[in-house]
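Protein chains in written order, with the working numbering: chain L, 1 to 535; chain D, 1 to 535.
Rather than coming from a laboratory, the hints here were simulated on the basis of the structure. It cannot be assumed that every hint is accurate.
Derived CB-CB ranges, DEER-like [what the hints assert, rightly or not]:
no. : chain 1 : residue 1 : chain 2 : residue 2 : range
1   : D       : G17       : L       : R443      : 49 to 59 Å
2   : L       : E384      : D       : P41       : 51 to 61 Å
3   : D       : R424      : L       : R424      : 18 to 28 Å
4   : D       : R424      : L       : G80       : 31 to 41 Å
5   : D       : T70       : L       : R443      : 49 to 59 Å
6   : L       : T518      : D       : Q193      : 29 to 39 Å
7   : L       : N195      : D       : V422      : 50 to 60 Å
8   : D       : R521      : L       : D385      : 51 to 61 Å
Here the structure is a predicted model, which is why all the values come from computation and not from measurement. Heads up, the beta-carbon is just placed ideally off N, CA and C, and yes, glycines get one too.
Protein chains: 2
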Amino acid sequence: MDTVILSDWLVARLDRGDAEPVYRQLLRLLQQAILTSQLPPGTKLPSSRTLATDLGIARNTVLHVYDQLTAEGYVHSTTGSGTYVADTRPDRRAVNARKPAAPDHPREDAALPVDARVAPTFAEAVTHAPPVMVAAHPLRHTEARDLSARGRRLIREAGVSAKQWGAFMPGVPDVSEFPARTWSRLQAKLWKQANPELLTYAPGGGYRPLRRALSDYLRVARSVNCTPDQIIITTGIHQSIDLAVRLLTDVGDRAWVEEPCYWGVRSVLQSSGLTLAPIPVDDEGLNPREPDLRTPPRLALVTPSHQYPLGMVMSLARRRTLLEYARQHRVWIIEDDYDSEFRYGSRPLASLQGLDDAGSVIYVGSLGKMLFPGLRIGYMIAPEDLVDTFRTGIAELYREGQLMQQAVLTEFIMDGYLTSHVRRMRALYGERRQILIDAITARFGDTLPVMGDEAGLHFVLGLPLHANDRAVAAAAYDAGVIVRPLAGYYSGEMPSRRGMLLGYACVPNEKIGPAFDTLARVIENTVLRVSPHAA
Amino acid sequence: MDTVILSDWLVARLDRGDAEPVYRQLLRLLQQAILTSQLPPGTKLPSSRTLATDLGIARNTVLHVYDQLTAEGYVHSTTGSGTYVADTRPDRRAVNARKPAAPDHPREDAALPVDARVAPTFAEAVTHAPPVMVAAHPLRHTEARDLSARGRRLIREAGVSAKQWGAFMPGVPDVSEFPARTWSRLQAKLWKQANPELLTYAPGGGYRPLRRALSDYLRVARSVNCTPDQIIITTGIHQSIDLAVRLLTDVGDRAWVEEPCYWGVRSVLQSSGLTLAPIPVDDEGLNPREPDLRTPPRLALVTPSHQYPLGMVMSLARRRTLLEYARQHRVWIIEDDYDSEFRYGSRPLASLQGLDDAGSVIYVGSLGKMLFPGLRIGYMIAPEDLVDTFRTGIAELYREGQLMQQAVLTEFIMDGYLTSHVRRMRALYGERRQILIDAITARFGDTLPVMGDEAGLHFVLGLPLHANDRAVAAAAYDAGVIVRPLAGYYSGEMPSRRGMLLGYACVPNEKIGPAFDTLARVIENTVLRVSPHAA
Numbered sequence: 001m002d003t004v005i006l007s008d009w010l011v012a013r014l015d016r017g018d019a020e021p022v023y024r025q026l027l028r029l030l031q032q033a034i035l036t037s038q039l040p041p042g043t044k045l046p047s048s049r050t051l052a053t054d055l056g057i058a059r060n061t062v063l064h065v066y067d068q069l070t071a072e073g074y075v076h077s078t079t080g081s082g083t084y085v086a087d088t089r090p091d092r093r094a095v096n097a098r099k100p101a102a103p104d105h106p107r108e109d110a111a112l113p114v115d116a117r118v119a120p121t122f123a124e125a126v127t128h129a130p131p132v133m134v135a136a137h138p139l140r141h142t143e144a145r146d147l148s149a150r151g152r153r154l155i156r157e158a159g160v161s162a163k164q165w166g167a168f169m170p171g172v173p174d175v176s177e178f179p180a181r182t183w184s185r186l187q188a189k190l191w192k193q194a195n196p197e198l199l200t201y202a203p204g205g206g207y208r209p210l211r212r213a214l215s216d217y218l219r220v221a222r223s224v225n226c227t228p229d230q231i232i233i234t235t236g237i238h239q240s241i242d243l244a245v246r247l248l249t250d251v252g253d254r255a256w257v258e259e260p261c262y263w264g265v266r267s268v269l270q271s272s273g274l275t276l277a278p279i280p281v282d283d284e285g286l287n288p289r290e291p292d293l294r295t296p297p298r299l300a301l302v303t304p305s306h307q308y309p310l311g312m313v314m315s316l317a318r319r320r321t322l323l324e325y326a327r328q329h330r331v332w333i334i335e336d337d338y339d340s341e342f343r344y345g346s347r348p349l350a351s352l353q354g355l356d357d358a359g360s361v362i363y364v365g366s367l368g369k370m371l372f373p374g375l376r377i378g379y380m381i382a383p384e385d386l387v388d389t390f391r392t393g394i395a396e397l398y399r400e401g402q403l404m405q406q407a408v409l410t411e412f413i414m415d416g417y418l419t420s421h422v423r424r425m426r427a428l429y430g431e432r433r434q435i436l437i438d439a440i441t442a443r444f445g446d447t448l449p450v451m452g453d454e455a456g457l458h459f460v461l462g463l464p465l466h467a468n469d470r471a472v473a474a475a476a477y478d479a480g481v482i483v484r485p486l487a488g489y490y491s492g493e494m495p496s497r498r499g500m501l502l503g504y505a506c507v508p509n510e511k512i513g514p515a516f517d518t519l520a521r522v523i524e525n526t527v528l529r530v531s532p533h534a535a
Numbered sequence: 001m002d003t004v005i006l007s008d009w010l011v012a013r014l015d016r017g018d019a020e021p022v023y024r025q026l027l028r029l030l031q032q033a034i035l036t037s038q039l040p041p042g043t044k045l046p047s048s049r050t051l052a053t054d055l056g057i058a059r060n061t062v063l064h065v066y067d068q069l070t071a072e073g074y075v076h077s078t079t080g081s082g083t084y085v086a087d088t089r090p091d092r093r094a095v096n097a098r099k100p101a102a103p104d105h106p107r108e109d110a111a112l113p114v115d116a117r118v119a120p121t122f123a124e125a126v127t128h129a130p131p132v133m134v135a136a137h138p139l140r141h142t143e144a145r146d147l148s149a150r151g152r153r154l155i156r157e158a159g160v161s162a163k164q165w166g167a168f169m170p171g172v173p174d175v176s177e178f179p180a181r182t183w184s185r186l187q188a189k190l191w192k193q194a195n196p197e198l199l200t201y202a203p204g205g206g207y208r209p210l211r212r213a214l215s216d217y218l219r220v221a222r223s224v225n226c227t228p229d230q231i232i233i234t235t236g237i238h239q240s241i242d243l244a245v246r247l248l249t250d251v252g253d254r255a256w257v258e259e260p261c262y263w264g265v266r267s268v269l270q271s272s273g274l275t276l277a278p279i280p281v282d283d284e285g286l287n288p289r290e291p292d293l294r295t296p297p298r299l300a301l302v303t304p305s306h307q308y309p310l311g312m313v314m315s316l317a318r319r320r321t322l323l324e325y326a327r328q329h330r331v332w333i334i335e336d337d338y339d340s341e342f343r344y345g346s347r348p349l350a351s352l353q354g355l356d357d358a359g360s361v362i363y364v365g366s367l368g369k370m371l372f373p374g375l376r377i378g379y380m381i382a383p384e385d386l387v388d389t390f391r392t393g394i395a396e397l398y399r400e401g402q403l404m405q406q407a408v409l410t411e412f413i414m415d416g417y418l419t420s421h422v423r424r425m426r427a428l429y430g431e432r433r434q435i436l437i438d439a440i441t442a443r444f445g446d447t448l449p450v451m452g453d454e455a456g457l458h459f460v461l462g463l464p465l466h467a468n469d470r471a472v473a474a475a476a477y478d479a480g481v482i483v484r485p486l487a488g489y490y491s492g493e494m495p496s497r498r499g500m501l502l503g504y505a506c507v508p509n510e511k512i513g514p515a516f517d518t519l520a521r522v523i524e525n526t527v528l529r530v531s532p533h534a535a
């Protein structure tokens, strides 16, 4: 190709007024021309002096561009001989390796564009002046590429809410009440010490002083049985469960989940190839039926202190039966103890783990609801014989860090701030819970039952069996109130209950009434005025 | 059972001098007695007044204990009638549900212990005075319970190093050089503003201003093609890959990995059920053979800017072929661009993603090596049609947070500290690299080749083919020097190269020489004095 035509082509496209530096524009234009074979392999580029003069730019600029093109393999230069376009066209035989019995095509004619769909010929480009920006405006396939089957399922069944705040989002603490100044002060103190060991990867298990502090706290608060070494610091319940799944289960293994259960658990388990067996719950908690018991699972996930989302407590009899069953049939139990600090009117109950004498129970918890969700610090208590395995697994799979943050948290706990904050929040959330319960009673009497209200950051407002709780939630969302429909927590087809989770913890006292009024109107319009037969 | 015998039994076991409060001791002892059926179901407990008098403790203490036992279901009380031990024995029919054709046993005789192996009979306990602490010292099964097959594989093939710092750990930046004071100042400023939105869950994708700052930075530094919306903030490369795997692949799908490659990638992929196809690399990078090309994978993981661990750059021709192959056979490419900022002596090269016009490439990177590994902030650039999917996926699977930290990072970038820190580190690491190279040349001439030294935080010191690089690494570790053997990075059985990764970034200048002397002695003793035939 002619040097003059190239210069004309470039001059037509360089825009000195553009924010993009001339260097970059020139680089990009030459790259495109080479990629689209407008400058075919073997073409000799103009000397830097010539091109600089033709374009009216500094020779150094052209030299830099040529250097970069060389470094990236677009061109190669021989001293004294010039700069030539390299042959970097895709190897057709490799690309088409899969096609059966196609005649062997030698490398395409140098004059043809690599891919006729992508750019017009050079001749066309020159005569029809508008620049062809190939790399900048790629022609994208309009059809989205296929997700995998497990990807489609994950998205289809995703339970996460688009909005994460405000009446009546469940499971969210009131972060505006978090003692930010105290946290910041402790944080600044630790950063001042600038200990480089806190800036690098965490050893498997996490910051040892934090494990000690948590071990002490959990032994007293939750009656767990553990030493600091059994504590593994994670980023929260999702990661804790994921780690256990990867180490203790294989694809196709069966996992018992409560029906209903937290959607996040379902997603993590299914995404890892486990088969879920939803087990019904009654007022004593997990209640497996004969067929369930006859096929022992590899894993059972339970929320014995406060069933999520319905709120019942697993009775002592059921706990003992479950533990004995697990021991006999070698089932791993994951005890998800997600919000047991917030029990109103009675002491927190002892963990299932503390009752276990066979090393069947892996206890998991998180500090997010006690402090702030963005913190992403949780913990697992691993049975003693699994500690090394879990430490290796977590370092191998996730490369843990955040030691500085763990150190701040340790100080926060040791100085008593965790306990005092939790106590204060328990009182505040207790108030808000009462305001909401009173509003419900005033409006609906006992028409609509309230379930699981003795603990946690939410309770469930039951709806009649003919109600479509997803539709109610959608209508409420339109009206500006977030409620999570119970249907979203069921793994099976036919939820045995209808209702909505109402989170009150993150709602300022004075906003609870008005938000509830809005919700009540929605319920009245969508559910209570509709007869069971019409639904 | 007799009230007097119970009181005697308790008195023998309560230790007022113990650190553990009497309340807790009494609670624990009664729980144990009930669990082991030493206090069988139906037993009437002494009145609180009587027990308090017998034990010489406050009546209130006994009342509290009885309250807790009631709350937890160990006992039930009828007003005026007394407190009775509840029947919470495991349901034998449930526990044994799986056993075929066993005669139906009615609930066991109340006088027998639930499990004779766990505790002696009450009579024995009384006559042989020493306390039987059941729950506190559980009898654990001495055999570790089985990990799953994928769990065993993960642990067996774990590549993570026990020690994460010091000569010559690869991939670790010098965190003592991190501008901690600046970071702390920005952090304190943001915490002072105490914006509660920064303390809660991150919306899918992460903090928008950070996505904007990264998008600008990456477009310039790495020639990627993206808008801020295409950026997904993750906790690093492990999570980015995990997310892509869960959304785009199914169990059993094939994944191309470079041979050798980063062990973390291998672990994440295998743990998620993918079949790895290790593809050899030559001096132009990934070099698939005919059989590889005939079975297109679902996913291909590549490190085109700086092959990890060997360091070659993927040539432009190979890049174009790979992209064309991916487009034609609908292969997802994950471009892992892990340390491209640290290129010595030439500009960073353009990304593969910037060349892609078919939306095949998912670009992933991390800020850990630029700033500090404990930070755990990374990013993915998702093809446009996958953005929503990835955002939903990350929120569903991991519940992202750390918005405050993302906000600090944004300020750090916008104020120019990222760029200046990287520039400073590039110069420092360049010095260290040179010191180590000079030491190698002085000691070994060109007997042992150095590979991949033009970029990164490490290079590879090649060893003769007869060398056992794992053994060399072990001997070096014993001598106090960490090197990672190349063998650990190969997925297949027969590594085609021998050598060791030497990381120099985290080693103070003055320590490089001495550490290398130690290593050189180890090499001389274990490799160079041994003839190829003797090995």
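inquiry  = For each hint given before, does the structure comply? Return the numbers of the non-compliant ones in rising order.
reply    = 2, 3, 5, 7 and 8
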